[in-house]
Amino acid sequence: MNLFCIGLSHHTANVVTREEFAGNATAESIARDAGCAEALLLTTCNRVEVYGVSNKRISTDEIARCLMAKTNRDPDSYAPPFYRYEDNKCVQHLFRVASGLDSMVVGESEIFGQAKKAYESARTSGAVGPYLHRLFQRAFRVAKQVRTHTDIARGAVSVGSVAVELAQRIFGKLSECKVLVLGAGETSERTTRALVSRGVTDLRVSNRSLDRACELAQAVGGRAVPFEDWVAQCREIDILLTSTGSETPLLASEILAPMLWHRSDRPLFIIDLAVPRDVDPSVNELEGVYLYDIDSIRSVAEQSLALRREQVAAAEAIIADHVTEFVDSISRGLNRFSQPPEHSSLGENPLHASEL
Amino acid sequence: MASAHECSVVTGLCRIAKLGRQPKITVPVERYFLIASTFCFLVAVVHTVIELRTGVFRPGRFNFFAIGLGFIFQTAFLWIRGQELGRCPITNLFEVFVFLAWSVALVYMLVGSAYRLSLMGVFTAPLVLLLQGFALIAPIDTKHPVSVQANSWLEFHASMSLVAYGVFALACIAGVMYLLQERQLKTHQLHSIFYHLPPLTSLFAAITRLLWWGFALYTVGIVSGFFTGHPLPRIQIMAAIALWLLYAAILQARHLKWLGPKRVAALCIIGFSAALALLWGITFTAELHHVP
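Chain order of the listed sequences is A and B. If you read the first sequence in our numbering, its first letter stands for residue 11, the second for the next number, and so on. If you read the second sequence in our numbering, its first letter stands for residue 90, the second for the next number, and so on.
Treat the hints as calculated values from the structure; they're not laboratory data. Possibly wrong hints are sitting among the right ones.
[To be verified] 20 Å max Cα-Cα, derived SDA-like pairs, lysine to any residue:
(1) B:K346 <-> B:L268
(2) A:K188 <-> B:S291
(3) B:K232 <-> B:V118
(4) A:K126 <-> A:K183
(5) A:K99 <-> A:S64
(6) B:K275 <-> A:K99
(7) B:K351 <-> B:L368
(8) B:K275 <-> A:A262
(9) B:K275 <-> A:D305
(10) B:K351 <-> B:T308
(11) A:K183 <-> B:H285
(12) B:K346 <-> A:P268
(13) B:K275 <-> A:K126
(14) B:K351 <-> A:S309
(15) B:K351 <-> A:M269
(16) B:K275 <-> A:S309
Between the sequences and the hints, there should be enough to build the whole structure, so can you do that?
This is the structure we're talking about:
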């Protein structure tokens, strides 16, 4: 019995190539067309992978043909950069994928949900049997352990999530924070939505065009503030998110400093996403004011990524332990714990764990 | 709640100590308890250092349990020592340091969990280790020059003041955490520890509450000192009042918004350093003037 993984990912193929092989097949169709006892198809924006169990060796080309089933292109016309992992390597690869180690953004958690969805879909269609069931259940367990015992998922890596993370480090719960959004562009909207998703309810939007301010305020559940009044708002707000098209700074230390007296020791977090910047850098020198411009936000994101990369070794160690343990447990006899496959039409022969 | 609990623990400890009818010969086992306690705190510190070095810093329950176990051994030490002396064991600098370390651990157990400041244990363990390590190594476990008789007011005064110092120590630790977090946010350089530190506003709220608790306990301690019936050296009284005034000034300035959170956090560190110096001075002058 062969356990294998055949696929292509952002490591080996560009998006155009990945598109060629995505969305043309299902786990069931692959199991049927390629003659696998079990099959599971994992398709995300960064990878197309087939996990399979078969009695005979199934070639990479055969799986490639299955993935291209609905396209007219000849798979032999170019060499798609498929990779192939078998047995232990396949187990290790899946554990790495589920844990986010193989992702474009190391440690991202979306892949976990996508793998679960792929598993559910294959299970519903009857393409998953005891081998893949145990393999994927273990993969989910490993992924959770990696996230719990390392900092692999720690730190934000996008502008919106960095802003939210920093705000939480300053204020704790964001539900009590008052936020002023200055400038109603797309960047502001995205970051505002990230803040709203973490509980911000008191939102004020100010823009040179009041109509646009009203529009955004309505979209994010806030209220519009006339542009000439936004400076006065600095007395009471906790977070200022600014992204206007102004050529000169709108906020300087001289304007902000007198207002800090009225703020009752509440810190002021300023996120300046504008280029050129809306807030003079000297504002960061004021006590209780934390100013982050687009470069510093990116720098934090890079630090988070670096931190995640530092965690890879610890995560790999956890995975290595699980791979050994899993392969041993399978060797000791998977069939002792498993039920006969429900999809007898797909698996012609009973599975023999010792053959893995 | 915390204060009531602390008082009952301290009073209970002193009462238990008084139960020892006759002073006994020193039993070496008490020292072993103190060494075991110090070892627990050392383990907590080493564990943290290893985690920080590997970059996988996760303040879990380990520190809390290590400090908890260390606290139990500390209590055992103080209980045995108290039985030997027939009074609350605060008769020399050695005992004072151990009692202070015990107070710090006690307040951490009460406050650390209540304010969800689990990381506080990371900072508490080194401080306790330092206090106890010094007490164990330095030749300061000398017998008091005069026979020290049990005096309820004196014991209450000393123990209450030391628990107040414990609270100030925790305020100092919270201050260090605040400054660390604040600096990382200002400079945009975020270390792994950043993600485990409590939010700035929570830390400052904890500092303020700890300052108030410490100040209240210290006030009770100072006032009770006037009922001891023993004439105390003027320098001791002056220094104690100076420390009380320092904390009163911090709280007043905080109340009137003259000081920002960062300065309050820094003053907590200065205040506790002054308290430690004062503690040394009090014990030194007490031995010099043969004050019980």
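Here is how each hint holds up against the structure:
Annotation: proposed proximity of K346 of chain B to L268 of chain B holds, straight-line Cα distance about 18 Å (limit 20 Å). Simply put, K188 of chain A and S291 of chain B have alpha-carbon atoms about 17 Å apart, close enough for the 20 Å limit, and the pair holds. For the hint pairing K232 of chain B with V118 of chain B, the CA-to-CA distance comes to about 18 Å; that is within 20 Å, so the pair holds. Proposed proximity of K126 of chain A and K183 of chain A is contradicted: the alpha carbons are some 30 Å apart, above 20 Å.
Under the criterion of a C-alpha separation no larger than 20 Å, the hint pairing K99 of chain A with S64 of chain A is consistent with the structure, at around 16 Å. For the suggested pair K275 of chain B and K99 of chain A, the alpha carbons sit about 45 Å apart, so the restraint of at most 20 Å is broken. With a C-alpha separation of about 26 Å, the suggested pairing of K351 of chain B with L368 of chain B is violated against the 20 Å cut-off. Only pairs whose Cα atoms come within 20 Å are accepted, and K275 of chain B paired with A262 of chain A is accepted, the gap being roughly 17 Å.
A distance of roughly 14 Å separates the Cα atoms of K275 of chain B and D305 of chain A; the hinted pair therefore holds under the 20 Å criterion. Restraint check: the Cα-Cα separation between K351 of chain B and T308 of chain B comes to about 25 Å, which exceeds 20 Å; the hinted pair is violated. Our distance criterion of 20 Å between C-alpha atoms is met by K183 of chain A and H285 of chain B, whose separation comes to about 15 Å. Between the alpha carbons of K346 of chain B and P268 of chain A the distance comes to roughly 14 Å, so the proposed pair stays at or under 20 Å and holds.
Taking the CA atoms of K275 of chain B and K126 of chain A, the gap is near 40 Å; set against the 20 Å cutoff, the hint is violated. For the proposed pair K351 of chain B and S309 of chain A, the alpha carbon gap of about 25 Å is over 20 Å, so the pair is violated. Straight-line distance between C-alpha atoms of K351 of chain B and M269 of chain A comes to about 18 Å, which keeps the hinted pair within the 20 Å bound. Between the alpha carbons of K275 of chain B and S309 of chain A the distance comes to roughly 13 Å, so the proposed pair stays at or under 20 Å and holds.
In this structure, the earlier hints numbered 4, 6, 7, 10, 13, 14 are contradicted, and the remaining ones agree with it.
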